[in-house]
Structures are given as structure tokens and as C-alpha cells.
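Trainee: Here the protein sequences come in this chain order: A and B.
According to our numbering, the first sequence is numbered sequentially starting from 1.
According to our numbering, the second sequence is numbered sequentially starting from 1001.
Heads up, a few of these hints could be off.
Claimed, not checked - Chain A residues, not near chain B, derived (Cβ > 10 Å throughout):
1) Leu46
2) Ser79
3) Gln101
Said to hold, decoys possible - Per the computed footprint, the stretches of chain B lying under chain A, defined by three or more beta-carbons under 8 Å from a beta-carbon of chain A, are:
4) 1075-1084
5) 1101-1112
It should be emphasised that the hints constitute simulated quantities derived from the structure, not laboratory data.
It should be emphasised that the depicted structure is a prediction, and the values quoted were computed from it without experimental measurement.
Quick reminder that beta carbons are idealized off the backbone N, C-alpha and C, glycines included.
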Amino acid sequence: GDSVTQMEGPVTLSEEAFLTINCTYTATGYPSLFWYVQYPGEGLQLLLKATKADDKGSNKGFEATYRKETTSFHLEKGSVQVSDSAVYFCALSPVSGSARQLTFGSGTQLTVLP
Amino acid sequence: EPEVTQTPSHQVTQMGQEVILRCVPISNHLYFYWYRQILGQKVEFLVSFYNNEISEKSEIFDDQFSVERPDGSNFTLKIRSTKLEDSAMYFCASTFGTLNTEAFFGQGTRLTVV
């Protein structure tokens, strides 16, 4: 079945540091890939997505590129802020099927220190 | 901005009791989902629902679980006889369609079975 393997946390960075959170996947066909973020006390929010190979998703300074050859979708940000402290989830969804069933990674807790 | 709302935010119940978790999806969405996250583990898909019937369900979604859309706005998850291992955060989500659409998540209900 489909699976997502995500870099284990927690990750602690100083403000303005460079962030990478690794994500690799196993899936049949051509899945869509997502990064979700969960701020303390809130639900999951879509951060960015990519629906086909070589697509780059971006939002709020975060980027991730859909790499089919390495089955990866690593999340990056050039300069993190304290407000980026949250849990980040990589996820995939099969293109086919009657509904969007997301498969999530285990989540990575990011703490950014001032 | 439209949002998915879940109630209650936290529920404590005794083992063997029935619980109903409630969700109000985004009003023009057609597909509804429940996910759960046991503490420290991955977010897991439970069930998807479309056109008043279950479209997909995972192995976790056994006979003790049921879902219902009792009126035009609510979407509920019922657990008939709760077990200790049902303790988790339960997330509701909705999408407008199944392709190239964003899943909007609620803030979650933390269920604690004692």
C-alpha cells in the first residue's frame, strides 16, 4: 500500500536558519503530494501541494518539489521565523479513486527559537 | 474564510460507552472524511462519505464505528462501545470534489477513554 516516510523530529532551529524536512513516499501510479501544518491547538492546514512530477509547491516562503525519480517531496524554507513553530505533515493522495484518501507521514515538530 | 468545525474539542468517556463526534463540513463540499491520530502516531484515514454512503473505509473502521449525515449540515462519527485504544485525536475533513481539490480539516476532537 501507499506510505509516507518523514524525517523524525523534533527539530529545533534558531530564527532565520534554513529549514529542510525530508519526506519520501511509496505509491503506485502518480499520487498528489501535500504538506500540511498544525499550529498549537488548531487543525491541519494545507501548506502547499504538487500534483505531478517536477511541480514545485510554494506558500509563505516554504517550497517543496515533486521528485518522481527519488520519490521525494522535501520541505524547505530559507529563513524560518518563530511563528513557523508547528507540526509539519507530509501526505499523499492517489489520483484515482472515488474520494481523496490521504496517507500521512508521522509529522515533524519544529520549534524556532528567537 | 470557510472552515470545518468540530464539537466537542475534548471528550472524556468511560470504556464501553457510546460516543458521537460531530462535524460541520464546509457548506458546498460534497465529500466528507474522518481521520484519527493516536498520540505519538501517524494521522490515519478512517472513512470517506459521499452521497449519503460510505465510499471508502480503512481496516480500522470496523463494526463499532459508524458515520451519518443526519441533516444537511452535520457529519457524525459514532463509536458504539469505546475501548481504551480508541483514545485519540479525531479529525473531520471535507472536499468539494475528488481531483485537484484541497481537503479542509477541523481542529479535531480529543477523545479520552478511561
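Trainee: Work down the list of hints and note, for each, if the structure agrees.
Mentor: We went through each hint and held it up to the structure:
no.	hint	in the structure
1	Leu46	violated (5 Å)
2	Ser79	holds (26 Å)
3	Gln101	violated (5 Å)
4	1075-1084	violated (count 0)
5	1101-1112	holds (count 8)
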